[in-house]
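Whole structure, please, built from the sequences with the hints as guidance.
First to last, the sequence lines map onto chains A and B. If you count the first sequence from 1, position 15 lands on 15 in the numbering used here, and the numbers rise without skipping. To convert a position in the second sequence, counted from 1, into the numbering used here, add 275.
Rather than coming from a laboratory, the hints here were simulated on the basis of the structure. A few of these clues could be false.
[Unchecked claim] Here are some, though not all, of the chain A residues that point toward chain B, as calculated from beta-carbon distances under 8 Å:
1. L84
2. D90
3. E107
4. E112
5. L140
[Stated by the list, open to error] Taking lysine-lysine and the DSSO-like style, the derived pairs with C-alpha atoms no more than 30 Å apart in a straight line are:
6. A:K125 with A:K188
7. B:K457 with B:K470
8. A:K224 with A:K248
9. A:K187 with A:K224
10. B:K343 with A:K139
11. A:K183 with A:K224
12. A:K233 with A:K27
13. B:K339 with A:K118
14. A:K258 with A:K234
15. A:K27 with A:K213
16. A:K139 with B:K518
17. A:K139 with A:K186
18. B:K512 with A:K188
19. A:K139 with B:K512
20. A:K224 with A:K234
21. A:K139 with B:K451
22. A:K118 with B:K419
23. A:K233 with A:K183
24. A:K248 with A:K233
25. A:K234 with A:K248
26. B:K512 with A:K125
27. A:K118 with A:K27
28. B:K427 with B:K517
29. A:K187 with A:K30
30. A:K118 with B:K518
31. A:K139 with B:K339
32. A:K248 with A:K30
33. A:K118 with B:K289
34. A:K187 with A:K258
35. B:K289 with A:K125
36. A:K187 with A:K125
37. B:K289 with A:K139
38. A:K183 with A:K27
39. A:K188 with A:K27
40. A:K30 with A:K125
All of these numbers come straight from a predicted model, not from anything done at the bench. All C-beta atoms, glycine included, are put in the ideal place defined by N, C-alpha and C.
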Amino acid sequence: MSFISASSVKYRYEDSEKNALNGVTLKVNKGEFVALLGHNGCGKSTMAKTLNALIIPDEGMIYVDGMDTADDEVTYEIRRNVGLVLQNPDNQLVASIIEEDVAFGPENLGVEPGEIRKRVDTALKTVGMYDYRTHAPHKLSGGQKQRVAIAGILAMQPSCVVFDEPTAMLDPNGREEVMRTIKTLKKKGITIVLITHYMDEAVLADRVIVMEKGEILTQGEPEKVFSQVNLLKKHSLDVPQSTELAYKLIGAGLRFSKMPLNVQECIELLEGALS
Amino acid sequence: MIRDVALGQFIPGKGIVHRTDPRVKIILLIAFITLIFCAFNFVSLAVVTAGIITTLALSEVSFKLYFKSLKVIIFIVIITSVLNMFYGTGDPIWQFGILKLTMSGIYRAVFVSIRIVLLILISSCLTFTTSPTDLTDAIERLMKPLKVFHIKVHEIAMMMTIALRFVPTLLEETDKIMSAQKARGADMDSGGLIKKVKAMTPVLIPLFVSAFRRAYDLAMAMECRCYQGGDGRTRMKTLHIKKLDVFCIIFAALILAGVVLCDIFITPII
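This is the structure we're talking about:
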């Protein structure tokens, strides 16, 4: 059985006329890295909130590790198991000392003090912020703050982390740091759902899901999804730069064996096509 | 410029006073304040003063900082002591209309000013040597028994923690908004007081809006991290009474005994 399974989920915000989610069905397997793409207002952030029971769907069901998110009794078990990292790193940190902030989650879960200490140290080491454990959050850079926020989630020992545009407010360095951390988590076997509008981040995923107007437009491996350049362009979505270049060259008559997703692939394919 | 405002004047250190349990420090502060107002003659006042000076000396914080904290209240000291001077009873030494200067009035004035100065010194000693997080932590633990009266101790402590966490963030934001408004031609530095206060409106409104947005985000982040109030919550850092804390308590008890004895055996002056 899949780790997360959502079936025809519908949800409408109170003050809105349209459904934010209009029948989304998706599955995420254990250990998978899924990227969720789409415009602002396409429902991807709403989807993220349904995964850890912050939002309960009006229609349809979401099961996380066999638990129904609509069941009040397992709400906190779901939230522990599916961590959510938000966009603004500043607004996620609760305490004025890094290690105390990371301890916030396990403290809420009622974990023993000695065990909390261990979890905090492990989490901070995983994100590479152990040396900053006694610092104050406001003295860190955006990328560092976001990594601390990730550590705060990791300290709850979740099996899945949902990232809601974690790099949107960061500079290129910070983005790089956060993406590296996400790759580390993936290696540790943690299921990852990454919501983003940077195509370069989406290509790192095992599977890409594109959302549009509260529905799933298309999904599949990054190569498959991004080779549908026409479809994505029609919905004014971007494709990775190298894919776009290849697409234009194909339009000009060049032949490629497949669509490139990053610069390296693009160079190799170009060399092949030109020789 | 706005960041220069000293907030929570904690001075990091590893001295004896720094290492003392924050709960003990708060209780001893309360004890000292009570003692200051229980000293009714010069001898007991001298005992309290000696105790406080010793504490300050042990705090490993430079006396310059203590003097700085006194600067702020120098006017209050002068005004209250002048007022007290003319409130005494007994034979006037000097009289001008209804103003009567008496010996007891002068004693009163001296006592009041010494008391205020001691009060400020010992309170600054607490804030200088205890980090804000330790303080809120200690307050939460000390206030725990108040739960019986349905006082939401955990919630109060949580609010203090969050407030402390966001003070620097909001200060930074204020700076940014001020620059943004100045870039749009806002004039914040000229004019009288009223004009300056009015000029702050375009800064305060965006600041409030953003603070509310942050609050909303933070609430969501806290829910994501399974926050369900104080029930069933554990803490990573537990506080234990150490040998050092016991010594501090003994030290304070000795001074307490000294003051009480002096009060009993020496006739009160005021």
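Comparing the hints with the structure gives:
no., hint, verdict
1, L84, "4 Å, holds"
2, D90, "6 Å, holds"
3, E107, "6 Å, holds"
4, E112, "7 Å, holds"
5, L140, "11 Å, violated"
6, A:K125 with A:K188, "13 Å, holds"
7, B:K457 with B:K470, "15 Å, holds"
8, A:K224 with A:K248, "17 Å, holds"
9, A:K187 with A:K224, "23 Å, holds"
10, B:K343 with A:K139, "27 Å, holds"
11, A:K183 with A:K224, "21 Å, holds"
12, A:K233 with A:K27, "26 Å, holds"
13, B:K339 with A:K118, "41 Å, violated"
14, A:K258 with A:K234, "21 Å, holds"
15, A:K27 with A:K213, "19 Å, holds"
16, A:K139 with B:K518, "35 Å, violated"
17, A:K139 with A:K186, "28 Å, holds"
18, B:K512 with A:K188, "28 Å, holds"
19, A:K139 with B:K512, "23 Å, holds"
20, A:K224 with A:K234, "16 Å, holds"
21, A:K139 with B:K451, "16 Å, holds"
22, A:K118 with B:K419, "27 Å, holds"
23, A:K233 with A:K183, "28 Å, holds"
24, A:K248 with A:K233, "13 Å, holds"
25, A:K234 with A:K248, "15 Å, holds"
26, B:K512 with A:K125, "19 Å, holds"
27, A:K118 with A:K27, "33 Å, violated"
28, B:K427 with B:K517, "29 Å, holds"
29, A:K187 with A:K30, "12 Å, holds"
30, A:K118 with B:K518, "27 Å, holds"
31, A:K139 with B:K339, "27 Å, holds"
32, A:K248 with A:K30, "37 Å, violated"
33, A:K118 with B:K289, "25 Å, holds"
34, A:K187 with A:K258, "27 Å, holds"
35, B:K289 with A:K125, "26 Å, holds"
36, A:K187 with A:K125, "15 Å, holds"
37, B:K289 with A:K139, "22 Å, holds"
38, A:K183 with A:K27, "21 Å, holds"
39, A:K188 with A:K27, "20 Å, holds"
40, A:K30 with A:K125, "24 Å, holds"
When held up to the earlier numbered hints, the structure conflicts with 5, 13, 16, 27, 32 and fits the remainder.
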